[in-house]
Amino acid sequence: MDKWENNRAWFLTIPVLVLVAFSAIIPLMTVVNYSVQDIFGPGQSLFVGTEMYTKILRDPRLHDALWRQFLFSGLVLLIEMPLGVLIALAMPKKGWGVSFSLVALALPLLIPWNTIGSIWIIFVRPDIGLLGAFINNVLGIPFDHTRTAGEAWITLMLMEVWHWTSLVALLAYAGLRAIPEVYYQAAKIDGASAWATFRYIQLPKMRGVLTIALLLRFMDSFLIYAEPFVLTGGGPGNATTFLSIYLVKLATGQFDLGTAGAFSLIYFVIVILLCFVFYQVLQGVGKGAKQ
Amino acid sequence: MKGKSKTIGLFIYIFLIFLPIYWMINMSLRTNADILGTLTLYPVDPTFANYIKIFTDSSWYSGYINSMIYVTMNVLISLTVALPAAYAFSRYRFMGDKQVFFWLLTNRMAPGAVFLLPFFQLYSTIGLLDTHIAVALAHCLFNVPLAVWILEGFMSGIPREIDETAFIDGYSLPRFFVTIFIPLIRSGVGVTAFFCFMFSWVELLFARTLTITNAKPIQSVMTRTISATGMDWGLLAAAGVLTIVPGALVIWFVRNHMAKGFALGRV
Amino acid sequence: MDIILDSVSKTVNGQIHINNISLKIESGATNVILGHTLAGKTSLLRLMAGLDRPTSGRILVDGRDVTGLPVRKRSVAVVYQQFVNYPSMTIYNNIASSLKMSGMKKSEIDRKVRKTAAMLHIEDLLNRLPAELSGGQQQRTAIARSLVKDAELLLLDEPLVNLDYKLREELQVELQDIFKQRKAIVVYTTTEPTEALILGGNIVVIHEGSVLQSGSTPEVYRNPATINVAQVFSDPPINLLNGTIQANTIRLANDIEIPLNSHHNILKSLPAGNYMFGLRPNHIHLSRVGEKDAEIRVKIELAEINGTETFIHVNHGDFHLVVQEYGIHPLQIGSDISIYVDPSLLFVYDEKGSLFLSPFKNGLD
Amino acid sequence: MSRIELNEISHSYLREPKGDTDYALKRIQSVWDDGGAYALLGPSGCGKTTLLNIISGLITPSTGRVLYGDLDVTALPPEKRNIAQVFQFPVLYDTMSVFDNLAFPLRNRHIDKNDISKRVQEVAEILDLTAFLKYKAAGLAADAKQKISLGRGLVRSDVAAILFDEPLTVIDPNLKWHLRRELKEIHEKLKLTLIYVTHDQMEALTFADKVMVMYEGEIVQIGTPQDLVENPEHTFVGYFIGSPGMNFMQCTLNGNVAQVDGAGIILDQKTADLGHKSQGKLELGIRPMHVELSSEQVKNSLPAKIKSVEDLGSYKIVTLNFADKILRAKLAEGASVPSDKAWLVFSPQWIRLYSDGRLVK
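Chains as they are written, first to last, in the numbering used here: chain A, 38 to 328; chain B, 3 to 269; chain C, 1442 to 1806; chain D, 1341 to 1701.
Be a bit skeptical, because a hint or two may be false.
[What the hints assert, rightly or not] Short derived list, chain A residues pointing at chain D, Cβ under 10 Å:
| id | residue |
| --- | --- |
| 1 | Lys131 |
| 2 | Leu146 |
| 3 | Gln222 |
| 4 | Ala223 |
| 5 | Ile226 |
| 6 | Ser230 |
| 7 | Ala233 |
| 8 | Tyr237 |
| 9 | Pro241 |
| 10 | Lys242 |
[Unchecked claim] Computed from the model, here is a short list of chain D residues facing chain C with C-beta under 7 Å:
| id | residue |
| --- | --- |
| 11 | Ser1384 |
| 12 | Thr1546 |
| 13 | Phe1580 |
| 14 | Ser1634 |
These are computed hints drawn from the structure, not numbers from a lab. Glycine is no exception: its CB is placed at the ideal position from the N, C-alpha and C atoms.
Work out the full structure, taking the sequences as your base and the hints as a guide.
Encoded structure:
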């Protein structure tokens, strides 16, 4: 039964529109305002049109940050998606094990992002960290997550996978639970192997949920700030300075509002484009899931 | 993967999840000197000094209280405004409904860094800087869209014929909404409250930037200690453990709807 | 009381669901809306109830224009196809909900609810929750709720389609008696011709959003104005054969000749030419009934037994027929038999598909 | 191919069932010949799906044994019982083409490639799916999808029986008889054991040579459609088969006359003798289509008043007050019906006598 047609439904949405507009549109106007001026002191600014945009777009450090961001998000998807599905498949279907594993897996998702950074600093430091000590003393490999880009990235990826893979696992598990029992019966009767059951029943049926997980994970990793900031502060050097960290450095660091404004707008436009893809896919998937 | 190896694999993974958290708890029960001294797998002589310090030192426990205040305010605001809007999106087709629903999504995904400075300017000009309501309102940027999407997902699970039957029986929209509809989606409201609570509780950027002293949240209290020289690891670990407590307490009640919550109600 | 639809149309994002329907439906007898799935039955019902607004046209109840009126202000009751009840309320409160809203005294509500519940045999389930009940009991609750408020307009949208076949039979009989005692305008939609005939009263045959024919149910059954009506109002499907009338013989599907003699003067009086002939399955017999019956050799495709009749699917060359015969006839698939047809029982349609001659027009009945 | 035997089966979904009501299946003792077409017919909740799942191996019965031929399969899971099943809604591998769907069971059994394609072509021919082989299975109509599920069973040469669990539920009402015909034709051609669960008598009586009517966890009658209509062995069967169901009237017996509130109905000698032998509460049953009506008194006709006449197109239903009981008669479309008083004739050959619900035998 499709929806009722009634434009008076607008009144129901007004509180949300007012509140989100206050938190989104007004600030965005200030950002646009900044991005077209050269502000060199409180009260003194000069209208410079799109100069700030061309400046930020040619900024090599932005290109590096952008490249690092895509590399990071790419790695995140490459590791977390298959691992998440694997975990979902390993989870029990009934019994007390279900609740226990759901709660255990969800735990990292509830920890404040800065605490995650703190946990991993403590865990990885060579002197006081279990992992740090284990690698340095037991394995004899000199390891310090703040020394080289490689070590920083390894630690960052470990932390990221440890923190967010559960999200993919939970979504995949929800997808698996939605598959009616008759499909598994039919597969058994047809003599399908575990692999065939996965390949031809579970995977296609999880297509919707996995697409949502993929897009959620990509969007959230694309905006990441707190965890790398706490763990490596963007260092060593700029090795782990992602888009958000670079933007915050620009905005708060050298009080360079013009470029920060331009960069903010470009960053937000990229996010909106990605969101548009997400929304179109969701509409398709939504219908698929509802059948 | 046969049954046996599946459960073993799962247990190993869950063990790896608990390990770093255990290590922090281990640290939180030891004095800084003890930590820097010998490295032991479990706290040899555990002490609650760090916790006591946090609960007695006002600069620490006030951080928790402030966080609790603005998070609760945010959850209440988000839910009250999101419920009617979600009902509109779930039940009605109206001009521009798809575009607004999409616009809300872009705000849920908005990078905090982009809004950092504008919020700072906005709240200082209207004189709300360093107040709980400022952080609560700032968090509405992503929590209200999240609430609308999740609630819309739950509401679409209820057949529209139930609404129609109520209207036919003489219920007005508000009365139907409160007496019949909300009880039907109470699990949805619970899950939405949990996720708004969580995303507001974990947020660092706005909470740190929009507060100076009397609304200063625990997160920024913790980050400040990191940059100070002579890091007190035990204290930091204890503070970290206490930030996990709220989420861990509530998770049991929403465990079956976690996926639906994270997937913005789309699963 | 009556409800009038005055050139009502409904289009939903470009698709025409209801195509300019003008109709008058009165109380006093059950009004059945018959049509295939997606013919527009539910859309029409929702327009009458005021759940949807028509894109154009007006709806009047007893002369009052109610087109824009929200459903809350209408005196209407609706029973949906899938058993809709308030999941969090007991059966008692489910039935009583409309009375409570109208501010009726508690004792009065109690009396009315118990009386209506007894009428539908659910009086001992009143303090259970809908989830604890079977499908049939849930639908009885929904029907009780719709009856208790004595609304002007009682609308039922294929209410029995999701129930077991035997349960459906019982409820059809019960509903027949219940509707008789109602003063309200009763409108009942269905896809099943037998259900339409059982409920009797008047019928409106709907096809692709427009009304093909309306009138008293037996009248429309015996004089289907067009081939479409004959097809919609017939289960098993009516047999349609194209053929010609020339020189006192009917030639069907190029190799069957039926000579017309003195008894068929009406048929003989028809102008020669091509016609489409309709033949009800129960008008074909396995044995000769009257000496003027024509015999046709056919091959059996399937014999469907339903406990009192047998529907025998046969073919003659490339056209298919269905024979409805009393009793049980487990015939062997593929065997050849003879079937007998009395030409005076043929419906005659012209090439445009409108009824030319019905066997019941000349007083056979 | 093998004979299926169920002996002393009973099943309860509770761990410790106490009374009869806790049993989904009370006592099932029956043999199913190889190659037969059987139907499990009964209202919702009569236990027919439970019985089907016991035969397919999805459920292990609380008591009793299931034998395929003389192999005890009671505890064997479905995949080891070489059966196939068609479910209520189409169960397909939607990412595969129709051909791959049909070939899937054979590929899992590592059967040689061109044997597979030969076999699939054969089965597609029987199900007239040949034209769709290359299409994606997900895009087809519901009836074609159900045929694909059936095809996955037919391609396997080792399949002992194919089970159907209300397969026509999702099919459009006007297409149902097509699929019924095709299922019947397939059974005629392949002589496979087919077991069909439904609550719809038309599907059961059309499809099956032997119909098992189930009621509250028991098989109350096994018989051909003819037996069920003409000799219902339980009042439930009389009520459930045929529409409208059989008329039942409580009666007392003296000599060969059944007294129903003062009206005497003459029975044939054999039935009367059997009636005397039984002790339980006696009921007389006659089908509406066997109740004859005439406007004036005829030899041993009995008086009745016409309550209502319903014109149902191809037949008429007359509701009568006979000896303060409600009785229904079913007459042909053209039959004439008296206006107020009528005389009923019950021909003894169609009268059945029941004691405590069971046919006196």
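Verification of the hints:
1. A hinted interface residue such as Lys131 (chain A) counts as satisfied when its beta carbon comes closer than 10 Å to some beta carbon of chain D; here the least separation is about 16 Å, so the hint is violated.
2. This hint is violated: Leu146 (chain A) has a C-beta 31 Å from the nearest C-beta of chain D, more than the 10 Å allowed.
3. Below 10 Å, beta-carbon pairs count as interface contacts, and Gln222 (chain A) has one with chain D at about 6 Å; its hint therefore holds.
4. The interface hint given for Ala223 (chain A) is met, as the beta carbon of that residue sits about 4 Å from the closest beta carbon of chain D, less than 10 Å.
5. The beta carbon of Ile226 (chain A) comes within 5 Å of a beta carbon in chain D, closer than 10 Å, and the hint placing it at the interface holds.
6. Contact between Ser230 (chain A) and chain D, as hinted, is supported at the beta carbon level, the nearest pair being about 7 Å apart and thus within 10 Å.
7. The closest approach between the C-beta of Ala233 (chain A) and any C-beta of chain D is roughly 6 Å, which is under the 10 Å cut-off, so the hint is satisfied.
8. The interface hint given for Tyr237 (chain A) is met, as the beta carbon of that residue sits about 4 Å from the closest beta carbon of chain D, less than 10 Å.
9. Because the beta carbon of Pro241 (chain A) sits about 5 Å from the nearest beta carbon in chain D, less than 10 Å, this interface hint is met.
10. Taking 10 Å as the C-beta cut-off, the interface hint given for Lys242 (chain A) holds, the closest approach to chain D being about 8 Å.
11. For Ser1384 (chain D), the shortest C-beta to C-beta distance to chain C is roughly 5 Å, which falls under 7 Å, so the interface hint holds.
12. Given hint, Thr1546 (chain D) at the interface with chain C, holds; its Cβ is 4 Å from that chain's nearest Cβ, closer than 7 Å.
13. Below 7 Å, beta-carbon pairs count as interface contacts, and Phe1580 (chain D) has one with chain C at about 6 Å; its hint therefore holds.
14. At about 19 Å, the closest approach between the beta carbon of Ser1634 (chain D) and any beta carbon in chain C exceeds 7 Å, and the interface hint on this residue is violated.
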